[in-house]
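Construct the complete structure from the given sequences, taking the supplied hints into account.
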Amino acid sequence: MKLKGWKEITPGAVILEAGSSAEFKTGSWRAYKPVWIKENCIQCLFCWLYCPDMAIKVKDGKREEFDYDYCKGCGICALECPGKKGKKAIVMEEEGN
Amino acid sequence: MATPLSLKELSKKEILLSSGHRMCSGCGAPIVVKMVLLAADYPVIACSSTGCLEVSTCISHYTAWKIPWIHSAFENAAATLSGVETMYKSLKKQGKLNDDIKFIAFCGDGGTYDIGFQSLSGAMERGHDMLYICYDNGAYMNTGIQRSSATPLGADTTTCPAGTVIPGKQQQRKDLTKIMADHGIPYVAQASISNWSDLMKKVRKALEIKGPKFMNILAPCNRGWRSRNDDAVMLSRLAVETCYWPLYEIENGDIKITFKPKEKKPLNEFLKTQGRFRHLFSPENEWLLKKSQEDIDRNWERLLREEACVLGGQPAETTEADQ
Numbered sequence: 018m019k020l021k022g023w024k025e026i027t028p029g030a031v032i033l034e035a036g037s038s039a040e041f042k043t044g045s046w047r048a049y050k051p052v053w054i055k056e057n058c059i060q061c062l063f064c065w066l067y068c069p070d071m072a073i074k075v076k077d078g079k080r081e082e083f084d085y086d087y088c089k090g091c092g093i094c095a096l097e098c099p100g101k102k103g104k105k106a107i108v109m110e111e112e113g114n
Numbered sequence: 033m034a035t036p037l038s039l040k041e042l043s044k045k046e047i048l049l050s051s052g053h054r055m056c057s058g059c060g061a062p063i064v065v066k067m068v069l070l071a072a073d074y075p076v077i078a079c080s081s082t083g084c085l086e087v088s089t090c091i092s093h094y095t096a097w098k099i100p101w102i103h104s105a106f107e108n109a110a111a112t113l114s115g116v117e118t119m120y121k122s123l124k125k126q127g128k129l130n131d132d133i134k135f136i137a138f139c140g141d142g143g144t145y146d147i148g149f150q151s152l153s154g155a156m157e158r159g160h161d162m163l164y165i166c167y168d169n170g171a172y173m174n175t176g177i178q179r180s181s182a183t184p185l186g187a188d189t190t191t192c193p194a195g196t197v198i199p200g201k202q203q204q205r206k207d208l209t210k211i212m213a214d215h216g217i218p219y220v221a222q223a224s225i226s227n228w229s230d231l232m233k234k235v236r237k238a239l240e241i242k243g244p245k246f247m248n249i250l251a252p253c254n255r256g257w258r259s260r261n262d263d264a265v266m267l268s269r270l271a272v273e274t275c276y277w278p279l280y281e282i283e284n285g286d287i288k289i290t291f292k293p294k295e296k297k298p299l300n301e302f303l304k305t306q307g308r309f310r311h312l313f314s315p316e317n318e319w320l321l322k323k324s325q326e327d328i329d330r331n332w333e334r335l336l337r338e339e340a341c342v343l344g345g346q347p348a349e350t351t352e353a354d355q
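Chains as they are written, first to last, in my numbering: chain A, 18 to 114; chain B, 33 to 355.
To be clear, the hints were calculated from the coordinates, so they are not data collected in a lab.
Where is the CB? At the ideal position from N, CA and C, for every residue including glycine.
Each hint should be verified, as a subset may be incorrect.
To be verified - So the derived label-pair ranges between C-beta atoms look like this: (1) A:P28 / B:R158: 24 to 34 angstroms; (2) A:G113 / B:P100: 36 to 46 angstroms; (3) B:K45 / A:V31: 21 to 31 angstroms.
As the list claims (entries may be wrong) - Derived, one-sided and incomplete: chain B residues facing chain A with beta-carbon distance under 10 angstroms: (4) V87; (5) C90; (6) I91.
Stated by the list, open to error - A short, non-exhaustive set of chain B residues, derived as facing chain A with CB atoms under 7 angstroms: (7) K40; (8) I47; (9) G52; (10) S57; (11) I63; (12) A96; (13) K98; (14) V265.
Structure follows, in structure tokens:
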């Protein structure tokens, strides 16, 4: 992400492009990484609903892999995951291991 | 037709808040915005007063919003949105616009309870067709956790630090939802992200009503509440189950409680999960815990009485003490 100079900024600093913050990858903030265990997933989509960073991809009503470019590793998804038969479908692992 | 309130159907909609915003990891506020925008099936124009949400979603000419969004000053989000709404009405009258657009303000508790209160009160009195949403995290978190009038009794903040002199905030929090209801506006509600379908139903109901609407939504802040990163939703749930944050709506003055916990949990269960209340659990501050619990109980009993009064259509009996 390159910062714009004053000549490139629009009058009134109006931002003309919607959702342009996606250019900034917040994934580097992460200390813990959520890992999806597909066989324990019941597709309840709570992780998608509660993710504050919109970092869980869903296609046709089915959950897909994490978007690690943006996931800040808060762990809400892992805590809220009901799992299957007491086994969580999302577990947190320390980064860099 | 409105999207059915099932996660499978909702997940097919585009989320109108983009990734890459700089809210803290595990913040409750973007979850509030995400749910509100998912629930709204109309084109929306939003406005935010200064606060965490405004600052972090719009850093240096990049925006996380995929809807038209205006940043106003700390005190005037309601006034700014009033102006936009009036312009919309004028354009519609002139035949230059035909879309059915809804107006939503997203502001923190500092910009709602304190600094933005006069403009909010004015906008509601003038009757602008807008929904004002306060995401309440209980202090000025953006500037470093200073007390606001939404901060609960006994909470430790940087401007009412708990120590040997005072045991945290010495005043009670202001019941803004009730104050807004007393403006006589058509719809006022209190919601929580832990009860997502209740929250979305309230948003939809509010957007269908013409006139000023107000919603207060609890948004846990792990930095200010001194709690874990992953417990925003869990804390919201505890707040609802302990009746610290009762879920209700007031439609044309009539109150309806939308969630009654089967078993009301003791307030301690909510307080002990947060570092800002840690000092309350030392022996000398036991009276504060007791007082907090009594306040919560009294408030909840009053809500139940008010609801029973609406359902029964009977005025509450006056006691000798009232006369």
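Hints and how they fare:
{"no.": "1", "hint": "A:P28 / B:R158: 24 to 34 angstroms", "in the structure": "30 angstroms, holds"}
{"no.": "2", "hint": "A:G113 / B:P100: 36 to 46 angstroms", "in the structure": "41 angstroms, holds"}
{"no.": "3", "hint": "B:K45 / A:V31: 21 to 31 angstroms", "in the structure": "26 angstroms, holds"}
{"no.": "4", "hint": "V87", "in the structure": "12 angstroms, violated"}
{"no.": "5", "hint": "C90", "in the structure": "7 angstroms, holds"}
{"no.": "6", "hint": "I91", "in the structure": "7 angstroms, holds"}
{"no.": "7", "hint": "K40", "in the structure": "4 angstroms, holds"}
{"no.": "8", "hint": "I47", "in the structure": "5 angstroms, holds"}
{"no.": "9", "hint": "G52", "in the structure": "4 angstroms, holds"}
{"no.": "10", "hint": "S57", "in the structure": "4 angstroms, holds"}
{"no.": "11", "hint": "I63", "in the structure": "5 angstroms, holds"}
{"no.": "12", "hint": "A96", "in the structure": "4 angstroms, holds"}
{"no.": "13", "hint": "K98", "in the structure": "4 angstroms, holds"}
{"no.": "14", "hint": "V265", "in the structure": "5 angstroms, holds"}
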